[in-house]
Amino acid sequence: MTDRVLILVGMNSDSGASADGLDQHPHTVRIHGGGDLIAAIGPLLGFLPERSIVLICLRGGQIRMSMRHDLLLDHRGTPVPALVGVLRRLAALCSDHEDSVLYAVIVDDRYPDHSTVYAEVMELIEGLLADDRALGGGYVVPEIEAGARWTQIAGAVGTDDGTGVLEDPRTTPLAIAHAVVGGRRMLRTRAELVASLEPLTPCDAVACPVHTPARRDPIDAGPSAAEDHLATVMRMLTHPAGGQMSCRRLERLAAGLTSIPARDALLAVAVTDLHDVAEALWRLGARRLRGRPQAAAATLLAHLYYISGDGAAAGVALDVALAADPHASLARLLDRSLRAGMHPSTLWDLLGDSYAIADDLGVRIPPPTRRIAG
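Heads up: the sequence shown begins at 1 in the UniProt record's numbering, then just goes up one per residue.
Be aware that one or more of the hints could be misleading.
[As the list claims (entries may be wrong)] Quick list of simulated restraints, FRET-style, between CB atoms: (1) Arg59 / Arg248: 40 to 46 Å; (2) Asp109 / Val84: 18 to 24 Å; (3) Glu145 / Val277: 47 to 53 Å; (4) Ala82 / Ala356: 38 to 44 Å.
Everything labelled a hint here was simulated from the structure, so no lab data went into it.
The beta-carbon is built from N, C-alpha and C at its ideal position, and this holds for glycine as well.
Turn these sequences into a full structure, and let the hints steer you where they fit.
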């Protein structure tokens with residue numbers, strides 16, 4: 001697993017997770033203590049983490065960012081240098097938000113709750129915060145499952161006495177709001193997220209061109225070719241075919257996604273009513289195509305997740321894109337942005353270029369209908 005920082009801002013679409021003190025929003029879910037905060041991790045990440053450190057940054061009573069990384073410990077239980085570097089970046093990200101409060105949750109079953117190993121991790125995080133800030137709370141739980149006992153080991157203890165038993169994280173109000181508003185099923189583990197993008201056999205015909213990774217040089221020769229490629233993919237989105245995609249149709253998809261102008265224009269689809277159809281098509285391309293076309297499909301999928309505030313899924317899609325084509329420039333740019341903690345709203349600033357490209361090519365892309373994540 002890479003050391004990418006997985007950053008989620010608020011929830012998908014127009015939802016948010018909040019604590020007491022925030023005026024009610026139609027999709028606001030209140031967090032009353034450590035148990036509620038820990039139970040919120042699954043919906044925020046989209047999966048239930050294992051042997052992880054999760055940092056949650058609250059500002060103004062609202063979850064602004066949630067960040068997860070593997071809890072990498074050496075044989076003595078000491079955080080390895082790579083983890084220290086990641087925690088330093090994560091703490092700095094939260095410190096950059098004025099009046100923010102950082103909460104840390106260790107999801108790990110290797111040591112007792114009150115082990116000095118976990119206490120030292122909390123002390124490390126607190127020491128990395130700027131301006132002598134203190135952790136709002138530090139919690140340990142062996143797993144995020146119904147009946148798991150959590151314990152607070154850092155920060156001021158609230159009315160819950162610093163310990164409790166988790167409810168089923170799949171049936172909490174936040175999980176239900178996440179499913180209803182975002183339309184996304186919470187996966188059991190990150191491995192399920194990875195499995196959802198495992199390669200599929202393109203087709204049974206060995207001679208099918210989609211079996212062979214595409215060359216690196218551009219496929220389209222000019223604006224007319226780019227227009228055809230964009231129009232072809234847009235027809236696939238507006239008139240999706242049911243059942244298995246034919247080799248011929250898959251080949252046309254590959255050509256469309258590897259046309260740079262067409263691909264750049266298609267980024268805008270992520271914030272339109274075609275979002276769900278695009279997610280399915282990009283996912284299919286990421287699983288059935290190979291080489292450069294696969295990287296292009298996975299990159300579009302990663303962008304769709306990233307701009308929706310789903311950093312965990314974006315990170316997995318970027319892993320697929322960069323494995324298929326390590327030189328894919330847009331995938332590398334998104335990867336660096338995700339690692340640096342760039343807010344998804346920044347991607348909205350680039351959508352004007354996508355619409356402009358589509359206009360220049362004479363192809364209409366529907367207007368935005370989704371809200372900025374977070």
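Here is how each hint holds up against the structure:
1. Arg59 / Arg248: 40 to 46 Å: Cβ of Arg59 to Cβ of Arg248: about 52 Å, so the range 40 to 46 Å is violated.
2. Asp109 / Val84: 18 to 24 Å: 22 Å, holds
3. Glu145 / Val277: 47 to 53 Å: Distance hint for Glu145, Val277 is violated at roughly 34 Å.
4. Ala82 / Ala356: 38 to 44 Å: 41 Å, holds
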